[in-house]
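Peer 1: Given next are the chains, with one letter for each unit.
4 protein chains.
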Amino acid sequence: MPQVLGGKCCRDIVCEGCYVLLVVDERRRYVLRVRRGAWFGSDRGSIKHDELLGLPYGSWVRLSSGARAAVLQPRLVDFMERGLRRRSQVIYPKDHGMILMLLDVEPGARLLEVGVGSGFTTAVLARAVGPGGRVYSYEIRGDMAEVARSNLEALGLLDRVELKVRDARLGVDERGLDGAVVDMPDPWALLPVLEEALRPGAGAVFFTPAANQAGRLLSALKARGRWVELRMLELLARDYETRGDALRPKTTMIAHTGYLVYARLITE
Amino acid sequence: MPQVLGGKCCRDIVCEGCYVLLVVDERRRYVLRVRRGAWFGSDRGSIKHDELLGLPYGSWVRLSSGARAAVLQPRLVDFMERGLRRRSQVIYPKDHGMILMLLDVEPGARLLEVGVGSGFTTAVLARAVGPGGRVYSYEIRGDMAEVARSNLEALGLLDRVELKVRDARLGVDERGLDGAVVDMPDPWALLPVLEEALRPGAGAVFFTPAANQAGRLLSALKARGRWVELRMLELLARDYETRGDALRPKTTMIAHTGYLVYARLITE
Amino acid sequence: MPQVLGGKCCRDIVCEGCYVLLVVDERRRYVLRVRRGAWFGSDRGSIKHDELLGLPYGSWVRLSSGARAAVLQPRLVDFMERGLRRRSQVIYPKDHGMILMLLDVEPGARLLEVGVGSGFTTAVLARAVGPGGRVYSYEIRGDMAEVARSNLEALGLLDRVELKVRDARLGVDERGLDGAVVDMPDPWALLPVLEEALRPGAGAVFFTPAANQAGRLLSALKARGRWVELRMLELLARDYETRGDALRPKTTMIAHTGYLVYARLITE
Amino acid sequence: MPQVLGGKCCRDIVCEGCYVLLVVDERRRYVLRVRRGAWFGSDRGSIKHDELLGLPYGSWVRLSSGARAAVLQPRLVDFMERGLRRRSQVIYPKDHGMILMLLDVEPGARLLEVGVGSGFTTAVLARAVGPGGRVYSYEIRGDMAEVARSNLEALGLLDRVELKVRDARLGVDERGLDGAVVDMPDPWALLPVLEEALRPGAGAVFFTPAANQAGRLLSALKARGRWVELRMLELLARDYETRGDALRPKTTMIAHTGYLVYARLITE
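If you're matching them up, the sequences are chains U, W, A and Y in order. For the first sequence, the residue numbers in this note's numbering are 1 to 268. For the second sequence, the residue numbers in this note's numbering are 1 to 268. For the third sequence, the residue numbers in this note's numbering are 1 to 268. For the fourth sequence, the residue numbers in this note's numbering are 1 to 268.
Bound-form chain U, shown alone (with noise of 0.2 Å):
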């Protein structure tokens, strides 16, 4: 067993405080804020948090049935499918990811995010910019926004995010930023203010989930002459399983969740 004394807080020992992905098999994982004196329960046994205080992250821990739990570090991921409040619908990892790589987010970038939502995609590019970048992010609905500071805060991040309930069509106090991620009924409507705020040459993604709106983003991007690089995509997901020997994709899948638009300003 690998030596962790010494180890670092909520990254290689379970501290007061800290979260843990606890997994006792493929459906029943649960992401946990450990407490002393608190139990976790389930319909495979409990356990006391502070049999989880000290140990390793990476080890097993026994649950009161005598099944075994897998006490893990929460991933990004692993908080947004299980540790974090969810007041709308998100954006997925598969999206997340093909967000970073067409926006080309690195450490110490500037970004811009309009319609927050429960902050996940908030989450993803404050992380990806990490501690020198900044995240400006403007939600319409104060009650969203809320939703949004505290899953921040659960992970961290806050202190890279400005968050700010307010309306972006009406401008964003912001210039040269780096990249812009658009998440709102009208995209079309956010485009002079983007032009403004974004550095030339930056690019921006707009999710959108019906193929009509994507159609009439594009060519409100091509008629404002501003914008080049036009892209739409979609990224379908496919997980696979195996029963017994038989290695075969799963029955059902989220067969949709939005298509990504992609666009790169240009001065007049």
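Keep in mind that a hint or two might mislead.
Repeated chains share a single entry, so a pair holds when one copy, or any two copies, can fit it.
With a straight-line Cα cutoff of 30 Å, these simulated BS3-like cross-link-like pairs (lysine-lysine) come out [as the list claims (entries may be wrong)]:
1. LYS250 / LYS8
2. LYS222 / LYS48
3. LYS8 / LYS48
4. LYS164 / LYS48
5. LYS222 / LYS250
6. LYS250 / LYS164
7. LYS250 / LYS48
Hints listed in this document are in silico derivations from the structure and should not be mistaken for laboratory results. Source: prediction; values computed, not measured.
With chain U's structure known, arrange chains W, A and Y on it following the hints.
Peer 2: Frame of chain U, contents of chains W, A and Y only:
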């Protein structure tokens, strides 16, 4: 037009030695390195590099034919598509993005890569871990490693990468790593090495083109009893196009690059 | 309203004993057999069967709640979805259609089927070969064969089918057949039998849920030296929906039913 | 070797004027009409047609190079891929099969087709309705109708088809038809005609390459109040290949042919 006085070379302004993505139309996209006195030529006209020097990125230029071209900062995905040497089958951006999400890569991370190929994945990882992170990359073929080295140098990412021409199945030097990306024909042969090199709870992504190869790997992962959260998936990227008024998926697509197999390491 | 005086029972006019597809809305679709004195009931209201008698197909009726329902001839796909007994995993219409195309099925053909299950595929084949054709169907399980028999009887297709409760791997009675559909766990074990039963040049389609099973079958087909035109494919059916103005793929879909393996028999 | 004494010309034995599918390898597949005295030639060798005469289908022959070729009955899908004149974008077998299932086509049916193109869909329908059925096919362009006519003649299916060079939007001659397949740029313009020509309860399938065109059609179908069971779908066919031991999807695929929109006619 935005002010770029005092702008940063290769980011805001085109300087000697900077890379430029020159976009004439959807299919005429070129990555070039700007050299005083050199000429760019295409079937749509030519331009002397000198005319690009000092230009803000995001500008239009005129080729000799009168055709307009956009001058853009090449993204990593543009480099991979147009500007780098390619000596092997490569992993695509859709998969790169998902790898970042699956492995929870963040600035500062220390990652293992086995099977470097042309170095595209190395570049994606090196960019994501930032200047404070590190990628340890093992490649068994010296000629491939040279291609990768020259590509990483062109991208300015070589200083974050330790490139070793060695058979990783015989062992790697690092310990306590935060994640691994493996692209080799017999990934099952690497599991004992990964179990020593990764920190407990860290994840590995295996890229495998064949379904039966992925199935064999899943079996091997199960048999070792040290891996949890097993997942096998593939991503399909579908591009759309507009022809006149019509919005439709492109007629052909890359239907398969490879499967991603994911697992997390647990202590014994 | 069209004249259906003298219309054909169960085709133009609803008569005693006819089947009806009653459509209230997209999710409330029912296949029922009309019996004088019986009642149809649903959460959207009820109707006495007698009110359907004598109606032309393609009419509207009112349920007790005032809700409107369309009275339609059930298609074979409606029967399969709503009106038949189902005792096994079934092949879907997308695959059925492709099987007809791959095997070049036409009226008058004589076909072999091995692995009958609930008889859905039998029905598709029996319908396509018409009254002058014949389907020889082997099923190893007596209980399944009974389900299939009752389904084929309900569809009026039993007279074109010879249903045999027998292990086809031990041999079949027919020779010179025009094609075969095979749905069994070990299709490679049937190849010698197929080589005797099919006429030279005839094709076989094998339905196999698992990728590695399909791979093993392909190897077996190659090894025997009697099969050409090998092909393995899968079909994905993606449904769309409109929500208000928005047109988009449905969120979830059947992502996998099975692979189709095709081959044609050649003389030695 | 099977006995084919007295076998049927063009079905069991190759006779003068029969079509043959000659398969050298996966990519070298040829449909030819056998003519005494003629030669077949390819980069893999040649053969005099006379050597094919009298051969049972399903045999091997040797080309001049020594390479072996399989002599097969061409299926309809082989004709469409290799043996017919093609003057337009065509519908693919995956869609043809689904159309047969959606429309519940059976021997004896009377069908309408609008937009004949090269006649491939006509052939599929004509084959499925059998000698006792009938396909009424309207094509606005005389040159296309000629291509279709010559293709149907080659297939021996012309006697089941009434091919009319006329704008179907102005009305069709038939009434009480069992189904319709429509492939034209403005399918919404045909709805009043379909409402007269189809029998109540009959279905129509519309083939439309563009998403926004399909969306407009769905709106038109809803607006007319005469159509139920609306459905829009697309089929993706994914082919696999084996390379050595590796089983994997082919790298590229036809990602889009068109959307299928389905609806059934109801009386007013």
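Peer 1: Evaluate each hint against the coordinates.
Peer 2: Hint by hint, here is what the structure shows:
1. LYS250 / LYS8: neither (38 Å within a copy, 45 Å between copies)
2. LYS222 / LYS48: between (59 Å within a copy, 29 Å between copies)
3. LYS8 / LYS48: So LYS8 and LYS48 pass the 30 Å test inside one copy only (22 Å; across, 55 Å).
4. LYS164 / LYS48: For LYS164 and LYS48, neither the intra-copy (39 Å) nor the inter-copy (46 Å) Cα distance is at most 30 Å.
5. LYS222 / LYS250: between (39 Å within a copy, 19 Å between copies)
6. LYS250 / LYS164: Close neither inside one copy (41 Å) nor across copies (33 Å); limit 30 Å.
7. LYS250 / LYS48: neither (35 Å within a copy, 42 Å between copies)
The structure fails hints 1, 4, 6 and 7 (numbered hints given earlier, in ascending order).
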